[in-house]
Amino acid sequence: MIRVAIPSQLQNLARVGSEVKLKPKGKVTLASVLDALEAQYPMLRGTIRDHETKKRRPLIRFFACGEDLSHEPPETPLPDAVVSGTEPLLIIGAIAGG
Amino acid sequence: MSKVRVLVGTRKGAFILTSDGKRTKWDISGPHFAGWEIYHVKGSPVDPNRLYVSQTSSWFGQIIQRSDDGGKTWYQPGTPPGEPTTTPDGMPKGESNKFVYDTSSPSGKPLTTHQWYDGTQHPWEFKRVWHVEPSLNDPDTVYAGVEDAALFRTTDGGKTWKELSGLRGHGTGSQWTPGAGGMCLHTILLDPADENRIFVAISAAGTFRTDDGGKTWKPINRGLKSPYIPDPNAEIGFCVHRIALHRSRPNVLFMQLHGGVLRSDNAGDSWQEIHGNLPSDFGFPIDVNANEPNTVYVIPINPDLGRYPPEGKLRVYRSRIGGKEWEPLTRGLPQKDCYVNILRDAMAVDALDPCGIYFGTTGGQVYASADGGDSWNAVMRDLPAVLSVEVQTLP
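Line by line, the protein sequences are chains X and S. Heads up: the first sequence begins at 1 in this note's numbering, then just goes up one per residue. Heads up: the second sequence begins at 99 in this note's numbering, then just goes up one per residue.
If you are wondering where the hints come from, they were derived from the structure by calculation, not from laboratory data. Since the structure is predicted, the reported quantities are computational estimates derived from the model, not experimental observations. Note that CB positions come from ideal geometry on N, CA and C, so glycine has one too. Among the hints, a few may not be true.
Cross-link-like lysine to aspartate or glutamate pairs, in silico, EDC-like; alpha carbons within 20 Å at most [stated by the list, open to error]:
{"hint": "1", "chain 1": "S", "residue 1": "LYS196", "chain 2": "X", "residue 2": "ASP68"}
{"hint": "2", "chain 1": "S", "residue 1": "LYS260", "chain 2": "X", "residue 2": "ASP80"}
{"hint": "3", "chain 1": "X", "residue 1": "LYS55", "chain 2": "S", "residue 2": "GLU223"}
{"hint": "4", "chain 1": "S", "residue 1": "LYS196", "chain 2": "X", "residue 2": "GLU38"}
{"hint": "5", "chain 1": "S", "residue 1": "LYS257", "chain 2": "S", "residue 2": "ASP167"}
{"hint": "6", "chain 1": "S", "residue 1": "LYS257", "chain 2": "X", "residue 2": "GLU38"}
{"hint": "7", "chain 1": "S", "residue 1": "LYS196", "chain 2": "X", "residue 2": "GLU72"}
{"hint": "8", "chain 1": "S", "residue 1": "LYS196", "chain 2": "X", "residue 2": "GLU52"}
{"hint": "9", "chain 1": "X", "residue 1": "LYS54", "chain 2": "S", "residue 2": "ASP200"}
{"hint": "10", "chain 1": "S", "residue 1": "LYS257", "chain 2": "X", "residue 2": "ASP50"}
{"hint": "11", "chain 1": "X", "residue 1": "LYS54", "chain 2": "S", "residue 2": "GLU223"}
{"hint": "12", "chain 1": "S", "residue 1": "LYS225", "chain 2": "X", "residue 2": "GLU75"}
{"hint": "13", "chain 1": "S", "residue 1": "LYS170", "chain 2": "S", "residue 2": "GLU488"}
Which residues of chain S face chain X? A few of them, derived with a C-beta cut under 10 Å, are [claimed, not checked]:
{"hint": "14", "residue": "PHE158"}
{"hint": "15", "residue": "GLY176"}
{"hint": "16", "residue": "PHE197"}
Produce the complete structure using the sequences and hints provided.
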């Protein structure tokens, strides 16, 4: 299972805790994990990436294993530690104002 | 005895204030949707327990919330409580937050750009819903005014939204420009006498009217003046802040312009200036007394120097003759050192007699008057900045 940490605002929307567990289809990539997240919690569609273009929203960032994955192509495989469930994929709202 | 329910949207959540017809003691619930910007909350006139909310965030985008029990519980209409979160074929729901501009050729004229601040063309980009306006006849039909300016409609209780693209596509759309707050469609007035007639206002494009239920639109800005527009006969480009009407007389419109208070007696075909003796012709909200169609309220604001009440005195101005002659209403409002603003959607009137008037400030106060504006009380003082105020009169 893949672990995904989501920010508090989205926890409230999805009515979940700080971390959710997902089983993406196929290769474990940013895109497949976000697909699985949105399939399991459809109320999160549009909050992390655009409904239509699937482009990351400007103030959302992705991190894993101390690396910034925000600008990686969606099909980039995630680190082994995320695939094995040792480390979570972090979805974070950028610090931008009060 | 009648009750009132005041729906307050703020920068950090929504609040619901309820009182009996005396409007002296208030029960307060909230914050609902804590931490989110609540641009607007409004109830259906047909089913007052049906509330619609625009919940937004620069981080996480647009969420539409709905309540069927007067604000006790909420859900996203695409995902009703207790129902599966996916369709039988496994497709996710959550369509209720999706506002996609219509760019299809069958619907008319695909529009992809509008004018930017510097005169260049800029892509149309959805940012948020500023205003939700439930239908006067059907609780499942709601109009949504959005930024970048467009009008959407749902006919399934908010589950899905479709653009009424005749507005953007009517011909002047590519010349529309944003105001300082963005290019927002912020006002939607449904004509109670003619279900095919709708008025909308856009900053900074102006006011528009449809007479065929939203298929075709025309600008209705004749008589408006702006020092920023060189052409004295310009059809569009006006920073209209708010328009209002009285349901008994929908051909009479009142407007707070960015520099002007105006009135139209012919459903917007032409406008006349009525700011008269106001200390400033700038402000945001404007509203009409529910029992007196000629009694109008505005809150003058300094236009350029600070955007706060002139002389630091918070004064609502009332005209009892439809404009030109205004009286300041000050009892219970701060008359020194007051530097708040009152945003365009942050004033509302109830339907009781005497009429109750409500407004919220950027300083977090919600003021209420139960006597048509003669005296005021702060119902709440320390909210986040108030973005919108609506009121429902309940049996």
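Here's how the hints hold up against the structure:
no.	hint	result
1	LYS196/S <-> ASP68/X	violated, 28 Å
2	LYS260/S <-> ASP80/X	violated, 43 Å
3	LYS55/X <-> GLU223/S	holds, 13 Å
4	LYS196/S <-> GLU38/X	holds, 14 Å
5	LYS257/S <-> ASP167/S	holds, 17 Å
6	LYS257/S <-> GLU38/X	holds, 17 Å
7	LYS196/S <-> GLU72/X	violated, 26 Å
8	LYS196/S <-> GLU52/X	holds, 9 Å
9	LYS54/X <-> ASP200/S	holds, 18 Å
10	LYS257/S <-> ASP50/X	holds, 18 Å
11	LYS54/X <-> GLU223/S	holds, 15 Å
12	LYS225/S <-> GLU75/X	violated, 27 Å
13	LYS170/S <-> GLU488/S	holds, 17 Å
14	PHE158	holds, 4 Å
15	GLY176	holds, 7 Å
16	PHE197	holds, 8 Å
Against the hints set out earlier in the document, violations occur for numbers 1, 2, 7, 12.
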